[in-house]
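Sequences and hints are given; from them, build the entire structure.
So the sequences go chain by chain: D and P.
Just so you know, the first sequence maps onto residues 1 to 249 in the numbering used here.
Just so you know, the second sequence maps onto residues 1001 to 1383 in the numbering used here.
Straight line, CA to CA, 27 Å or less: simulated DSSO-like cross-link-like pairs of lysine-lysine:
#1 Lys195(D) with Lys1022(P)
#2 Lys225(D) with Lys241(D)
#3 Lys32(D) with Lys1018(P)
#4 Lys1163(P) with Lys1216(P)
What the hints contain is simulated information worked out from the structure, not anything from laboratory work.
Because the structure is a prediction, the values reported are computed rather than measured.
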Amino acid sequence: MKLLVAVKRVIDYNVKIRVKADKTGVETANVKMSMNPFDEIAVEEAIRLKEAGAAKEIVAVSMGPQGCQETIRTALAMGADRGIHVLTDIALEPLAVAKLLKAIIAKEQPGLVILGKQAIDDDCNQTGQMLAALMNWPQATFASKLKLTAETAEVTREVDGGLETIAIKLPAVVTTDLRLNEPRYASLPNIMKAKKKTIDQTTPEALDVNVQPRLTTLQVTEPVKRQGGKKLGSVEELVDKLMHEAQVI
Amino acid sequence: MDSRFSEEQNLLRDTVAKLMAKHCPPEFMRRIDREQSYPYMLYDSWVEAGLFRMPFAEAYGGLGGSTVDACIIAEEIGRVSADLSMMYGGSTFCGLNVQRKGSEEQKAYWLPRLMSGEIRMSISMSEPDAGSDVGAIRTTAVRDGDHYIVNGQKLWATGAGAKNNVINVYVKTDPKVHYRQGMSLFLVDNDTPGIELRKLDMLGRYCTGTYEIFFKDVRVPADRLIGGENKGWECILSGLQVERVVAAAADVGSAEGCVEMALAYAKDRKQFGRPIGTFQAIAHMLADMATEVAAARALMYQCAAMVDQGEDALKDITMAKLFASETYAKVANLGMQIFGAYGYNKEFDMQRHYRDARIATVAAGTSQVQRNLIAGLMGLKAQ
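Shown next, in the form of structure tokens:
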């Protein structure tokens, strides 16, 4: 079985995000970029499936500017077999990504697509679901456990009430939650091997997908800074303040 | 990101940084420094990730990495601890010597064992009366059938006492010829009968450890002679460029570690109602520190690239080692000043850098020896 894994290039989770001075977005110049952590989990799961003999080939896909090649290279160094880069400078929205993935799926015919449940930059949590809908495939989101047979996947999902285990027919879309696995870091032999693996480059035009944004960002601002709290002397004082200052009781 | 590095090199840096963050977090580093213990598990994690395979030729099971690759590894280890970078340097430099100067049989025997972590290696050159003046060593090896008998005393042997360590020791095999000509390199297991190791009470580098070694009628098989009898000086010279530039990389990494630590502290520590880093006195100190470290780093990577191109970079590399080690010592000292009394407290990490940095301008060639060499290469040879 062939596995398709989507990997997004995002600002590294250790970086303190700063809003641009003109409030049009967040500062990305000279900022460390990394693979979206949920996508790292997706790559790791694909590698484990391959190591367990449940999959034969892993294809890592990323979309965006030239720098995405580095994110794909990271996936290759972890253990993915080859990469596909959809080159575009347009900021892609989840629906555009899902449509591009659909076009790639038509060419690659994977048995399973694994994505992170969301990206840590825009936190949309939409691409996997949209892709499943576009493909009319079963989906299992927020996976914390994944078992494959020849025709089905048994997926344990993290839902509000606890854990839900479902069986879905393949091909399908699975999105990963935090507890699915702990991603490995690329070993040095794999980094050297990754040099020789291929990354095919294509464009939205070549895939015949319109990726023009449908949303317009009006303004991006910093969250309101927390004001310092007050220490009160007694319960009476607290009740008084809640009644008269905050006026909540 | 930095355009000097390839995608793979950025990945390499990232992997080593993650490896260090996972297997050597700050509290662990503090503990092994306090306990003065050798972190065997950390070394094993380096082996597992393939760090020791990087610089060696693929023919022997290595990964065929470049000098720049080795510098990236040393820089990232050094960022956490200059002490730990000695562990990496010891095995790597000694192994590269075997790769350059050993026979095919010796390479096939030693290199896979080194890369798999079965053994580690450390270098031993200095003696009580032979420091910068290496040729003045007096430890001898005398041929006896298919063995050599080694007698003498070695000093400042970094990492010699770690388990499964093979000491790469330079000895005199011909005391009659001109003093550098009669030296030879032997590989000696540190548990060979007749060897006595004593861990020395040094100011820093607690984990790798610094040892005094006594050799009393130590029998070493003749096939452990590397590069041929009386060819020791050639062995030393053959590795000098790579070793110095990688050592400079570790110093640069450690210096960067100091600046990062001092910067974080200056942003966090408040006095007179504001972070101390917003006072110009401290801000300029940090700006100077960062600038000098950036300069040391640029020179170091330029030299590493020259070595990879096969250029003779001895003068530049000597400058890189001199500047990197002095910069490390300088920023560690300034870091202590920024940390104030906290820096002087052993619960904080700056004092560890301060102690480890102090030896950087002495070990692997003192700053004075480096200046002599640079001046010599500028045509200013002493009469």
